[in-house]
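S.K.: Each chain, written out:
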Amino acid sequence: MGRNAALPDGYDRFRATGDTTPDDTGCGVLHVDMDAFFAAVELRTRPELADRPVVVAGAGPRSVVLSANYPARRYGVRSAMPVGAARRLCPQAVYLPPTRGLYSEVSRGVLAIFRELTPLVEPLSLDEAFLDVSGALRRLGTTPAGVGALIRRRVAAEHGITCSVGVASVKFVAKLASGMAKPDGMLVVPAARTLEFLHPLPVSALWGVGRKTEENLRRHGLDTIADVARTPLERLRRALGTALGEHLHALAHGRDERPVVPDSEEKSLGAERTFDVDQHDRAFLNRELLRLSERVAASLRAKGLRGRTVSIKVRFADFRTITRARTLFAATDVARDIHGTAVALLDEAAPTAAVRLIGVRVEGLSGEDEGEQLSFDAPAGSGGAPRWREAEVAADVARSKFGAAAVRPASLLSPDEG
Amino acid sequence: MKIRVERDGLADAVAWVARSLPSRPPVPVLGGVLLDAGAEGGSDALTVSGFDYEVSATVGVPATIADGGRTLVSGRLLADITKALPAQPVEIAVDGARASITCGNARFSLPTMPVEDYPQLPAQPELAGEVTGEAFAQAVSQVAVAAGKDDTLPMLTGMRLEITGSTLTLVATDRFRLAMREFSWQPAEGLGDAAVLAPARTLADAAKSLGAGGGTVRVGLASGDGLLGLAGSGRYTTTRLLDAEFPPYRQLLPSDHTSRAVLQVSALAEAIKRVSLVAERGTQVRLEFADGSLRLSAGGDDEGSAEEELPVDYQGEPVTIAFNPGYLVDGLGALHADRAELTFTTPNRPALIKPADDNGDVVPGYLYLLMPVRLPG
Numbered sequence: 000m001g002r003n004a005a006l007p008d009g010y011d012r013f014r015a016t017g018d019t020t021p022d023d024t025g026c027g028v029l030h031v032d033m034d035a036f037f038a039a040v041e042l043r044t045r046p047e048l049a050d051r052p053v054v055v056a057g058a059g060p061r062s063v064v065l066s067a068n069y070p071a072r073r074y075g076v077r078s079a080m081p082v083g084a085a086r087r088l089c090p091q092a093v094y095l096p097p098t099r100g101l102y103s104e105v106s107r108g109v110l111a112i113f114r115e116l117t118p119l120v121e122p123l124s125l126d127e128a129f130l131d132v133s134g135a136l137r138r139l140g141t142t143p144a145g146v147g148a149l150i151r152r153r154v155a156a157e158h159g160i161t162c163s164v165g166v167a168s169v170k171f172v173a174k175l176a177s178g179m180a181k182p183d184g185m186l187v188v189p190a191a192r193t194l195e196f197l198h199p200l201p202v203s204a205l206w207g208v209g210r211k212t213e214e215n216l217r218r219h220g221l222d223t224i225a226d227v228a229r230t231p232l233e234r235l236r237r238a239l240g241t242a243l244g245e246h247l248h249a250l251a252h253g254r255d256e257r258p259v260v261p262d263s264e265e266k267s268l269g270a271e272r273t274f275d276v277d278q279h280d281r282a283f284l285n286r287e288l289l290r291l292s293e294r295v296a297a298s299l300r301a302k303g304l305r306g307r308t309v310s311i312k313v314r315f316a317d318f319r320t321i322t323r324a325r326t327l328f329a330a331t332d333v334a335r336d337i338h339g340t341a342v343a344l345l346d347e348a349a350p351t352a353a354v355r356l357i358g359v360r361v362e363g364l365s366g367e368d369e370g371e372q373l374s375f376d377a378p379a380g381s382g383g384a385p386r387w388r389e390a391e392v393a394a395d396v397a398r399s400k401f402g403a404a405a406v407r408p409a410s411l412l413s414p415d416e417g
Numbered sequence: 000m001k002i003r004v005e006r007d008g009l010a011d012a013v014a015w016v017a018r019s020l021p022s023r024p025p026v027p028v029l030g031g032v033l034l035d036a037g038a039e040g041g042s043d044a045l046t047v048s049g050f051d052y053e054v055s056a057t058v059g060v061p062a063t064i065a066d067g068g069r070t071l072v073s074g075r076l077l078a079d080i081t082k083a084l085p086a087q088p089v090e091i092a093v094d095g096a097r098a099s100i101t102c103g104n105a106r107f108s109l110p111t112m113p114v115e116d117y118p119q120l121p122a123q124p125e126l127a128g129e130v131t132g133e134a135f136a137q138a139v140s141q142v143a144v145a146a147g148k149d150d151t152l153p154m155l156t157g158m159r160l161e162i163t164g165s166t167l168t169l170v171a172t173d174r175f176r177l178a179m180r181e182f183s184w185q186p187a188e189g190l191g192d193a194a195v196l197a198p199a200r201t202l203a204d205a206a207k208s209l210g211a212g213g214g215t216v217r218v219g220l221a222s223g224d225g226l227l228g229l230a231g232s233g234r235y236t237t238t239r240l241l242d243a244e245f246p247p248y249r250q251l252l253p254s255d256h257t258s259r260a261v262l263q264v265s266a267l268a269e270a271i272k273r274v275s276l277v278a279e280r281g282t283q284v285r286l287e288f289a290d291g292s293l294r295l296s297a298g299g300d301d302e303g304s305a306e307e308e309l310p311v312d313y314q315g316e317p318v319t320i321a322f323n324p325g326y327l328v329d330g331l332g333a334l335h336a337d338r339a340e341l342t343f344t345t346p347n348r349p350a351l352i353k354p355a356d357d358n359g360d361v362v363p364g365y366l367y368l369l370m371p372v373r374l375p376g
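Same order as they appear, the protein sequences are chains F and W.
Counting along the first sequence from 1, when you hit position 38 you're at 37 in numbering that gives the first Met the number 0, and nothing is skipped either side.
Counting along the second sequence from 1, when you hit position 160 you're at 159 in numbering that gives the first Met the number 0, and nothing is skipped either side.
Because the hints were derived from the structure by calculation, they are not lab data.
Take the hints with a grain of salt, since some may be wrong.
[Said to hold, decoys possible] In silico EDC-like pairs for lysine to aspartate or glutamate, Cα to Cα no more than 20 Å straight-line:
#1 F:266 <-> W:279
#2 W:148 <-> F:376
#3 W:272 <-> W:302
#4 W:1 <-> W:125
#5 F:266 <-> W:302
#6 W:148 <-> F:8
#7 W:148 <-> F:11
Sequences are here, hints too, so could you generate the full structure?
M.R.: So, in structure tokens, the structure goes:
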């Protein structure tokens, strides 16, 4: 997602244009970010709307803005903003419903372009990815900025959308650069000028600095990245804690050791739901957790995965959002286990509260090739205690034959079904 | 209230009582310790107590009492202060809403909390039986190792105490392993058979601190009130029993086996710890039994692998069975024996671990039942 901010004074010198490109020696990391992705994809079939404000959002009263094109952003419309707020800011915008499946299809096509150029592609979401191109330059016969320009040309030509690229020597600088290049631009931060690029920026630009940390830094008189870089490490540790202090100290000096990790493996699987009206009713919420747990468990089983950590996400009526997680003794792909943990987490975190959104996620995934801790309630090949996993697997089979509604826990039947 | 008390006795008493206090009390008074000077029939003793509706702890300390009385102060703070005091007599005086503590040249003044808001401590339940403190502490620790730590399944965080005549049986399970200890004790006269479920962690803490003083531990039961009491070495505790059904565990105990191995406990435990260094958290260690040798291995191509071979006295077909290394080491450590007998049938059925003597014969009284890890494929 872009930040859509005008480039700060003087930063034009980092912009790569057709004529001039800053020195990109040693800048092996690219961050590529699609511009207003969902909106741009929709506009391919509605080119007449291109100059008008366009917002992609669901139709429900609680829907949020999924994507807004740049004309809409000029009115202050932003991703993740409630649709109602967007309509107040920009009533004249064209509001389009999202097209199911379309964005992941385009995303796969774009990722395929990246992977032709380098195997080291780390997708962050549907619309952005890190690439490490340092090993591919000789084969491609170009420089990192050359790869960036090639990507921008090919994405536009083959998919009809634009993207922005940040080229730098480390990940977080590349990501900052792509944000500042938006829309439809490329910024190259020469390795030797990384600090010159970083230091005038506000501390909030540092990876890992949210609102709380920013306030904390400002209380200590640290407004810019240069201020953080000048602060002795010991003082940062004391002010922010050891881990965060060391992290920000390294970043402020342009150090970010994270490699680009090509990852096709999923790290977690989750499902969530926003309610049309805030929900107090605990029984209702528990049923919703069951529905979500069923969905997560079924997709775990479909992918041959199990997870050890169950987490819930709760957004309250006042938009305060919490996540709580618990690690199980053994990895699971069983909805009953996931649901039991999710309900316990909800009871502890928010015994009574009005809930706007609720989500269930399973993390710490491992494949079925990793061995499964057996338990007394389900010893292999025994009868006796209920074997939930087998029941759920049987339901998977039924659903694959008869559709998603074929088999559900009785508590998920509505009263008029029977 | 105005009293004088020896520093060491006071510090020990307060530290012990404060340990059972909740770290985040739901209301402030429950984070307090109650100091009660001479209210018990005017004896020259200070009683230190704590209670959070789940656990109570009470201990007496000899004291010179100038003025009797009761006061309630923050347990954590009092524990920290008494621990840090110099080795000199301590004077505690309460004046209005503040308590002062003077020791040598050090002087503290603490706010007190209203004693009348403090809950009535439960009476010590009726005596059920006696056992030497050391034996009790060991038995409880041997069983507590298998108790669940996950509060979402309360019955699995408990330890079942079964009283059958002069036999006391302790059992705990977290669904993946089960530990059981049987031993004889001195039941109180006229006591009927009984079975209760107590929080395993609380019981283990109490048994350890009461057993450390030598002497005997008196176990009291008030099943009607849902209370278990332990007393020994001048310390008294009560714990609220868990109101949950313990799983029918006896049907889990295997009646036969097809493989039997006798192993050196420390050699095996050390080898498991070494080999499992390459096993990522929660993954298994594989045990390949063959005539005369046991090959341990863990890990794979991605994360590195390790193996080690040990001599073993083994009867049965060659077989590979895998376990969570942590669970296996827990069980071996709980045996309190130099040698162990391991029996099982197939790689997906539970294995039974028991202590063995130098001849390889089982020492009765303890067992650790462990579910294996099912290997892929």
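S.K.: State for each hint whether it applies.
M.R.: Verification of the supplied hints:
The hinted pair formed by residue 266 of chain F and residue 279 of chain W meets the criterion: a straight-line CA distance of about 16 Å does not exceed 20 Å. With a C-alpha separation of about 17 Å, the suggested pairing of residue 148 of chain W with residue 376 of chain F holds against the 20 Å cut-off. Pair hint residue 272 of chain W plus residue 302 of chain W holds up; C-alpha atoms about 16 Å apart against a cutoff of 20 Å. With a C-alpha separation of about 34 Å, the suggested pair residue 1 of chain W and residue 125 of chain W falls outside the 20 Å cut-off, and the hint is violated.
Proposed proximity of residue 266 of chain F and residue 302 of chain W is supported: the alpha carbons are some 17 Å apart, at most 20 Å. Note on residue 148 of chain W and residue 8 of chain F: the hinted pairing is violated, with a Cα-Cα distance of about 57 Å set against a maximum of 20 Å. Restraint check for residue 148 of chain W and residue 11 of chain F: not satisfied, since their Cα atoms lie roughly 58 Å apart, outside the 20 Å limit.
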